[in-house]
Amino acid sequence: MNVAIIGCGQTNHRSRRLDVSAPELIDEAVQLALSDARIGPDGIDAIVVGNMEHFEGIHLSDLWAVEGTGGVGKPQIKVATGGTTGSSLAQAAYYLVASGFYRTVMAVGWERLSDSEGETTTGIVTAFDPIYERPTLAGAVSGLAILACQYQAKFKTRAEDAALVVVQARENAARNPHAHLTKPVTVADVVKSPLLSSPIRYLDMCPTSDGACAVVFTSDPGDRKSAWARGVASRHNHTYLGDVAEGSADFKHTLKLAAAEAYRLAGMSNPRKEIDVVEMYEPCTWAALDWAEALGLCGPGEAAGLWASGATRLDGDIPVNPSGGVLCTNPIGATGLVRVAEAAMQVRGIAGARQVDGVETAMATGFGGSFWNEVMILGAKP
Amino acid sequence: MSEPIAVRATPELHFRYAAGRYGSLFLRGLGEGRILASRCARCPRTLVPPRVACTHCFGKMEEIVEVPPRGTLLAFTLVAFPFLDPFTGVQRPIPYCYGMVQFEGTDNTFQYFLSEKDPSKLRVGQRVEAVFNEVRKGELGDLLHFRALE
Amino acid sequence: MKPVSILGVAQTKHCARRDDANYMELAFEVIQDLFRKTGWSHDRVDTIISASSDFWDGRTISEIAIQDPAGAPGKSASKVSMDGAFALIYAAARIASGAFKTCLVVAHGKASEGEPRAIANAGFDPLFQRPIGIDDHTALGLQARRFLEKRGMLGSVLAEAAAQSAAAAAKNPNAHRRAAKHVLAADPLHEDEIAPDSDGACALLLGEGGPVELAGFGCATDAHQLGERDLGDPGVLPRASLEAHRMAGVREVDVAEIHDASSAQTLLWREGLGLPERVALNPSGGAMGAQPGFATGLVRVAEVCERLARGEGRTGLAHGMTGFVGQAHCVWILRRRS
Amino acid sequence: MNPEQVEPVAVEGRIRIPYRWPAGRAAGTFLSLLAAEGRLVGLRCPTCRRVAVPPTARCNSCRAACEEQVPVGPGGSVTTWTLSRRTSPPQILALVRLDGADTALLHRLIGLKPEDVRSGMRVEAVFEKDRRGSILDLAGFRPAPAEPPSASAGKPAGGAR
Chain A
-17 MNVAIIGCGQ TNHRSRRLDV SAPELIDEAV QLALSDARIG PDGIDAIVVG NMEHFEGIHL
43 SDLWAVEGTG GVGKPQIKVA TGGTTGSSLA QAAYYLVASG FYRTVMAVGW ERLSDSEGET
103 TTGIVTAFDP IYERPTLAGA VSGLAILACQ YQAKFKTRAE DAALVVVQAR ENAARNPHAH
163 LTKPVTVADV VKSPLLSSPI RYLDMCPTSD GACAVVFTSD PGDRKSAWAR GVASRHNHTY
223 LGDVAEGSAD FKHTLKLAAA EAYRLAGMSN PRKEIDVVEM YEPCTWAALD WAEALGLCGP
283 GEAAGLWASG ATRLDGDIPV NPSGGVLCTN PIGATGLVRV AEAAMQVRGI AGARQVDGVE
343 TAMATGFGGS FWNEVMILGA KP
Chain B
209 MSEPIAVRAT PELHFRYAAG RYGSLFLRGL GEGRILASRC ARCPRTLVPP RVACTHCFGK
269 MEEIVEVPPR GTLLAFTLVA FPFLDPFTGV QRPIPYCYGM VQFEGTDNTF QYFLSEKDPS
329 KLRVGQRVEA VFNEVRKGEL GDLLHFRALE
Chain C
5 MKPVSILGVA QTKHCARRDD ANYMELAFEV IQDLFRKTGW SHDRVDTIIS ASSDFWDGRT
65 ISEIAIQDPA GAPGKSASKV SMDGAFALIY AAARIASGAF KTCLVVAHGK ASEGEPRAIA
125 NAGFDPLFQR PIGIDDHTAL GLQARRFLEK RGMLGSVLAE AAAQSAAAAA KNPNAHRRAA
185 KHVLAADPLH EDEIAPDSDG ACALLLGEGG PVELAGFGCA TDAHQLGERD LGDPGVLPRA
245 SLEAHRMAGV REVDVAEIHD ASSAQTLLWR EGLGLPERVA LNPSGGAMGA QPGFATGLVR
305 VAEVCERLAR GEGRTGLAHG MTGFVGQAHC VWILRRRS
Chain D
199 MNPEQVEPVA VEGRIRIPYR WPAGRAAGTF LSLLAAEGRL VGLRCPTCRR VAVPPTARCN
259 SCRAACEEQV PVGPGGSVTT WTLSRRTSPP QILALVRLDG ADTALLHRLI GLKPEDVRSG
319 MRVEAVFEKD RRGSILDLAG FRPAPAEPPS ASAGKPAGGA R
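Chains as they are written, first to last, in the numbering used here: chain A, -17 to 364; chain B, 209 to 358; chain C, 5 to 342; chain D, 199 to 359.
Derived from the structure by calculation, the hints contain no laboratory data. Fair warning: there could be bad hints in the mix.
To be verified - These stretches of chain B come out as covered by chain C in the derived footprint (C-beta under 8 Å, 3 or more residues):
no.: 1; stretch: 255 to 262
no.: 2; stretch: 330 to 342
What the hints assert, rightly or not - As a list, the in silico DSS-like pairs of lysine-lysine whose alpha-carbon atoms are at most 30 Å apart:
no.: 3; chain 1: C; residue 1: LYS185; chain 2: C; residue 2: LYS17
no.: 4; chain 1: A; residue 1: LYS255; chain 2: A; residue 2: LYS238
no.: 5; chain 1: C; residue 1: LYS185; chain 2: D; residue 2: LYS311
no.: 6; chain 1: C; residue 1: LYS41; chain 2: C; residue 2: LYS6
no.: 7; chain 1: C; residue 1: LYS154; chain 2: D; residue 2: LYS311
no.: 8; chain 1: A; residue 1: LYS363; chain 2: A; residue 2: LYS238
no.: 9; chain 1: D; residue 1: LYS327; chain 2: D; residue 2: LYS311
no.: 10; chain 1: A; residue 1: LYS138; chain 2: A; residue 2: LYS174
no.: 11; chain 1: A; residue 1: LYS363; chain 2: A; residue 2: LYS255
no.: 12; chain 1: B; residue 1: LYS325; chain 2: A; residue 2: LYS136
no.: 13; chain 1: C; residue 1: LYS41; chain 2: C; residue 2: LYS17
no.: 14; chain 1: C; residue 1: LYS154; chain 2: C; residue 2: LYS105
no.: 15; chain 1: A; residue 1: LYS138; chain 2: A; residue 2: LYS255
no.: 16; chain 1: A; residue 1: LYS174; chain 2: A; residue 2: LYS207
no.: 17; chain 1: B; residue 1: LYS268; chain 2: C; residue 2: LYS41
no.: 18; chain 1: A; residue 1: LYS238; chain 2: B; residue 2: LYS268
no.: 19; chain 1: C; residue 1: LYS105; chain 2: A; residue 2: LYS363
no.: 20; chain 1: C; residue 1: LYS105; chain 2: A; residue 2: LYS238
no.: 21; chain 1: B; residue 1: LYS345; chain 2: A; residue 2: LYS136
no.: 22; chain 1: A; residue 1: LYS136; chain 2: A; residue 2: LYS238
no.: 23; chain 1: C; residue 1: LYS41; chain 2: C; residue 2: LYS175
no.: 24; chain 1: C; residue 1: LYS6; chain 2: A; residue 2: LYS207
no.: 25; chain 1: A; residue 1: LYS207; chain 2: A; residue 2: LYS255
no.: 26; chain 1: C; residue 1: LYS185; chain 2: B; residue 2: LYS268
no.: 27; chain 1: B; residue 1: LYS325; chain 2: B; residue 2: LYS268
no.: 28; chain 1: C; residue 1: LYS185; chain 2: C; residue 2: LYS175
no.: 29; chain 1: A; residue 1: LYS174; chain 2: B; residue 2: LYS325
no.: 30; chain 1: A; residue 1: LYS174; chain 2: B; residue 2: LYS345
no.: 31; chain 1: B; residue 1: LYS345; chain 2: A; residue 2: LYS138
no.: 32; chain 1: B; residue 1: LYS268; chain 2: A; residue 2: LYS138
no.: 33; chain 1: C; residue 1: LYS6; chain 2: A; residue 2: LYS363
no.: 34; chain 1: C; residue 1: LYS17; chain 2: B; residue 2: LYS268
no.: 35; chain 1: B; residue 1: LYS345; chain 2: B; residue 2: LYS325
no.: 36; chain 1: C; residue 1: LYS6; chain 2: C; residue 2: LYS105
no.: 37; chain 1: C; residue 1: LYS154; chain 2: C; residue 2: LYS17
no.: 38; chain 1: C; residue 1: LYS17; chain 2: C; residue 2: LYS175
no.: 39; chain 1: A; residue 1: LYS138; chain 2: A; residue 2: LYS238
We put the beta carbon where it would ideally sit given N, CA and C, even for glycine.
Kindly generate the complete structure, drawing on both the sequences and the hints.
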């Protein structure tokens, strides 16, 4: 069964939203999605929800969240897979509709990273093996620093090259009212910003945000503006971080596999030409370079040149993250779903000041866990 | 009212993480100053720490072997930012370096501390060796760090 | 729904403490047992759906621990952070969508590694309920009292139901053997009237052409605040049950396995499911016989499946639950293929 | 070396993270009035007229936004109760339906022995002197002599549907 996205809602993501409770934050995104989809709460047959419990310290967070999702009396299924939570929600909603189990499913992701008072890294450390990995790991920052170290060693990439990614991201974020960080930065700002975990500096890394996102998937869109799911794929990875790069000798193996599968499902032979815009889950600048290559946007070691050429800009020939991406906005449980929502808005032509001209096909990615990846390709036609 | 009402708490949850049989063997090995790996003869794969499931065929790793306490540094980082350690609830001492080390004769990498604190003195491909504590208790901390051999 | 069937099931023996197995080894044990029983192997599995809890496992992204034993690397996998009975909905959807032919479903729980009551307390909203010091057991106590008083029943019915479950569990080699006493735990519930905290895992393989098919399911969530519900009623369970029966086109089942976290729930959920006396309820002992965290509901599905496959009835019902005193219910109807 | 023969070990660990949970609009209204004025309010749904305590920003039944404040309590009735033995001495936990509310509030009963508790009994709120904007600004509920003001008191909430 073909599946379309007909409504997207997201909060204006900020560093802290002390004015609302978690259910109230969720409700903001849900109301916007319902209104965008032009349906009432009764039009939703099932809800998939997700966030990461240790970031807010709330076990079974789906159960309190019903006050915001509107899940009382409905089927509500919680999917929580770390950084991929949002993209996993989109995929779960897709399969629940594609199966014919439900006609219309709403995916709702949220995170209030300010609830752990800036100590998101503490929660992320606990994602890894309690005996072998937690003593050394410094959350996503150091995990990605290991990737950056390998990438830098392989291609002799300079910090200035990686910095271009966030410089462009901030330019785009300034056009996006939902974005968290919108202040322009320069290459000099980035390379002079405080060192977090070498070679990653403060401005190389995504922020921690409070925010929620809701997306409505249906098999029966009627005359609504729709973005159709054309390629849905996910590839997982090993238990221990020390095994992740084994064999493939890099950290982008699962993204390559997931993208190849999504391209195959979407019937694409030349994704670089056939995809009009990419919403990539880039938690840090270095990862964006590595993963643009995994997606086939350029050859190995060519990503810095791709950014420097302007090709990834809003008016370039392969725009990456017109929304500003994860580097500007990161409410973790929502982040992957925001990628899907932004890609859908591009296809539906309603992305406002960040709209890319003439989008027929958009790709959203999700990253999480032990370097696993998810991809969803959306098109204007089924 | 100056700031919206919020409820604060610092819950502390205690766990007894089972090391499992393979992990228990590894920790006991560290106590004896030895690095133990599991081996799948079919694939073949030799992996540290030892574990029940092979990363290639996902079948049972039948064999436990000792590997030399030396290897190659394949990636590293200097952690320089402050954060709360979930184990202690207080800030983890920084800065520190850790890296991914491929032990000789193994197919994967093992993540652990490096003695070097200056990342400019480290390079990918460098030879390193494991340094053990003199007093050992059969726990991960028996392994002090890796130090550069060159 | 498109035909999705169960190709095989496996579960560990459930017990109070499995120090000999970490999560990876526990999952490995149950998955290898599943393959041994079905003759399958990892290379014939298309996708994996797991169910586990970050709080129970003391691990954010708890499914990372089972990636390798589940054969997930290089494949599409996902995790439902609810009881395995709910995860089964997603697993079945992956097959019914046509995208995958076989799905490995695996759920695990180890109560012994954490502090179940403190973890349960963290599952209540942090503004109104959590500060009061409530946990899963005291919530069960509130429910049991309201149930008894609403029906004018004596506490002895709780003991009788618990004794029946214990007698059934005594015949189940996988049940958690425990020496629970008849002492008050969360009034009016006694220790032996509350389901145990167990370590264990369950796995099953979904695909096409197995002996037992998933005929229908229903699922519903209730309000979160305990005081928004009448705890003496089965809440949204009848809604979930009705939907499952409707989808399956089944009016009555031959056997039922339910997640009863207390002996009051054994009675209350039976009522909510509208099960007549002739239906064998929890022949395994139910959750009162073993309650391995998020695997509990999947064990119910496995138990029903095995009975139907053996010819003990043609249709069966399996029930899973997440949240406290039944905030979310999931009901499956299984049917033996003739 | 055989893993089957090794004595298994477990490693002690913990997860300790500080949290701050904002009360937001609905709960914030309740908690700020409780703290500042020692009074209890619910929010009434404009559509189904249901008064929820604790209040929610949106009605769980009909999803209408709830803003109308309705005074509730300080008297109420116990709909069910239990004893929590995690503390010493044990605490009596109860669901209390405050007068004027359609849902019940989870709290503690104080000033009485477990053997004296009855479902349906009348209780009244006891406020802490030093209040900080927490549900624990309510010390709990103690027995109240007064008769129920209406015949419906003592019945539990009807559920959200």
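The hints, checked one at a time:
1. 255 to 262: holds (count 4)
2. 330 to 342: violated (count 0)
3. C:LYS185 with C:LYS17: At roughly 22 Å apart (the allowed maximum being 30 Å), LYS17 (chain C) and LYS185 (chain C) satisfy the hint.
4. A:LYS255 with A:LYS238: holds (17 Å)
5. C:LYS185 with D:LYS311: Distance ~24 Å between LYS185 (chain C) and LYS311 (chain D) Cα, so the pair holds.
6. C:LYS41 with C:LYS6: holds (25 Å)
7. C:LYS154 with D:LYS311: Holds, at roughly 23 Å.
8. A:LYS363 with A:LYS238: OK: LYS363 (chain A) and LYS238 (chain A) at ~25 Å, within 30 Å.
9. D:LYS327 with D:LYS311: holds (24 Å)
10. A:LYS138 with A:LYS174: holds (19 Å)
11. A:LYS363 with A:LYS255: Given pair LYS363 (chain A), LYS255 (chain A) holds - Cα atoms ~17 Å apart, limit 30 Å.
12. B:LYS325 with A:LYS136: holds (22 Å)
13. C:LYS41 with C:LYS17: holds (16 Å)
14. C:LYS154 with C:LYS105: Between LYS154 (chain C) and LYS105 (chain C) the Cα gap is close to 48 Å, so the pair fails against 30 Å, i.e. violated.
15. A:LYS138 with A:LYS255: With a Cα-Cα distance of about 28 Å, the restraint between LYS138 (chain A) and LYS255 (chain A) holds, given a limit of 30 Å.
16. A:LYS174 with A:LYS207: violated (45 Å)
17. B:LYS268 with C:LYS41: Answer holds: LYS268 (chain B) to LYS41 (chain C) is near 17 Å, not above 30 Å.
18. A:LYS238 with B:LYS268: holds (28 Å)
19. C:LYS105 with A:LYS363: holds (26 Å)
20. C:LYS105 with A:LYS238: Holds, at roughly 23 Å.
21. B:LYS345 with A:LYS136: violated (39 Å)
22. A:LYS136 with A:LYS238: holds (18 Å)
23. C:LYS41 with C:LYS175: OK: LYS41 (chain C) and LYS175 (chain C) at ~22 Å, within 30 Å.
24. C:LYS6 with A:LYS207: Holds. LYS6 (chain C) to LYS207 (chain A) sits at ~29 Å (cutoff 30 Å).
25. A:LYS207 with A:LYS255: holds (24 Å)
26. C:LYS185 with B:LYS268: Answer violated: LYS185 (chain C) to LYS268 (chain B) is near 40 Å, above 30 Å.
27. B:LYS325 with B:LYS268: violated (39 Å)
28. C:LYS185 with C:LYS175: Between LYS185 (chain C) and LYS175 (chain C) the Cα gap is close to 20 Å, so the pair holds against 30 Å.
29. A:LYS174 with B:LYS325: Holds - the C-alpha atoms of LYS325 (chain B) and LYS174 (chain A) are around 20 Å apart, at most 30 Å.
30. A:LYS174 with B:LYS345: violated (43 Å)
31. B:LYS345 with A:LYS138: Not OK: LYS345 (chain B) and LYS138 (chain A) at ~42 Å, beyond 30 Å, violated.
32. B:LYS268 with A:LYS138: Given that 30 Å is the threshold and the Cα spacing comes to 40 Å, the pair is violated.
33. C:LYS6 with A:LYS363: holds (25 Å)
34. C:LYS17 with B:LYS268: Roughly 20 Å separates the two Cα atoms, so the pair holds.
35. B:LYS345 with B:LYS325: Holds, at about 26 Å.
36. C:LYS6 with C:LYS105: holds (12 Å)
37. C:LYS154 with C:LYS17: violated (37 Å)
38. C:LYS17 with C:LYS175: holds (13 Å)
39. A:LYS138 with A:LYS238: holds (22 Å)
Checked against the numbered hints above, the structure violates hints 2, 14, 16, 21, 26, 27, 30, 31, 32 and 37; every other hint is satisfied.
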